[in-house]
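Asker: Chains as they are written, first to last, in my numbering: chain A, 1 to 114; chain B, 1 to 113.
Hints are computed from structural coordinates only; laboratory data are not their basis. Everything numeric in this text was worked out from a predicted model, so none of it was measured. Even glycine gets a Cβ: it sits at the ideal position worked out from N, Cα and C. Among the hints, a few may not be true.
If you anchor each label on the Cβ, the simulated ranges turn out as follows [stated by the list, open to error]:
| hint | chain 1 | residue 1 | chain 2 | residue 2 | range |
| --- | --- | --- | --- | --- | --- |
| 1 | A | 52 | B | 13 | 44 to 54 Å |
| 2 | A | 14 | B | 96 | 35 to 45 Å |
| 3 | B | 60 | A | 7 | 28 to 38 Å |
| 4 | B | 55 | A | 13 | 43 to 53 Å |
A few chain B positions that, by computed beta-carbon distances, are all more than 10 Å from chain A [claimed, not checked]:
| hint | residue |
| --- | --- |
| 5 | 7 |
| 6 | 8 |
| 7 | 17 |
| 8 | 75 |
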Amino acid sequence: DAGVTQSPTHLIKTRGQQVTLRCSPKSGHDTVSWYQQALGQGPQFIFQYYEEEERQRGNFPDRFSGHQFPNYSSELNVNALLLGDSALYLCASSLTGRTNYGYTFGSGTRLTVV
Amino acid sequence: ELKVEQNPLFLSMQEGKNYTIYCNYSTTSDRLYWYRQDPGKSLESLFVLLSNGAVKQEGRLMASLDTKARLSTLHITAAVHDLSATYFCAVDPSGGATNKLIFGTGTLLAVQP
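Okay, chain A solo, but in the shape it has when bound (with noise of 0.2 Å):
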């Protein structure tokens, strides 16, 4: 059973770039949300997707935004890259009502920004 999983595992961009990462839900997930970890802090969620619509969003500009396709995989874009928004980037997946079993991350996309 596969579990989740995100690409690319690591990224180099520069400033004022734009930035696509992917997320694969664990199998028999359908929600996704995104979570950026700076270096020493812990994760700060971006936003949240079900059912192919933002669901929920955290405190992060519409520089960010998302995506859900029909088979529940996600895709986090963020636009005109800063410096700051150098961080771990990782998604997680849950099943809608079943939060009893926590949240499923996968291993992360480490993002540079130069």
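Using the hints, position chain B against chain A.
Answerer: Frame of chain A; chain B shown alone:
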């Protein structure tokens, strides 16, 4: 806004000793999660606590939840080097209605031989 605070932020302990990590949160919630993170790695789920008084144990780790005090503890018994990692608690303020977690600041645990 919900805040989740962990104490201590850094813990250096000797093998064989016991210690407790504390997680305080600022709003009502009956759902609390503990995760472990190794350097450069993702989050590994340790415990899911779903009600007041919940206690769960796995190996040398035991977690508890007091929703009235808005406090969770992660107790380490007879620490071993393999437990060295960063430990995060996370709260779901919606009580399970959504999948949004608010994470604590993390506790970096270093177990010395």
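Asker: Does each hint fit the structure? Answer for all of them.
Answerer: Do the hints match the structure? See the list:
no.	hint	result
1	A:52 <-> B:13: 44 to 54 Å	holds (47 Å)
2	A:14 <-> B:96: 35 to 45 Å	holds (41 Å)
3	B:60 <-> A:7: 28 to 38 Å	holds (35 Å)
4	B:55 <-> A:13: 43 to 53 Å	holds (45 Å)
5	7	holds (14 Å)
6	8	holds (15 Å)
7	17	holds (25 Å)
8	75	holds (20 Å)
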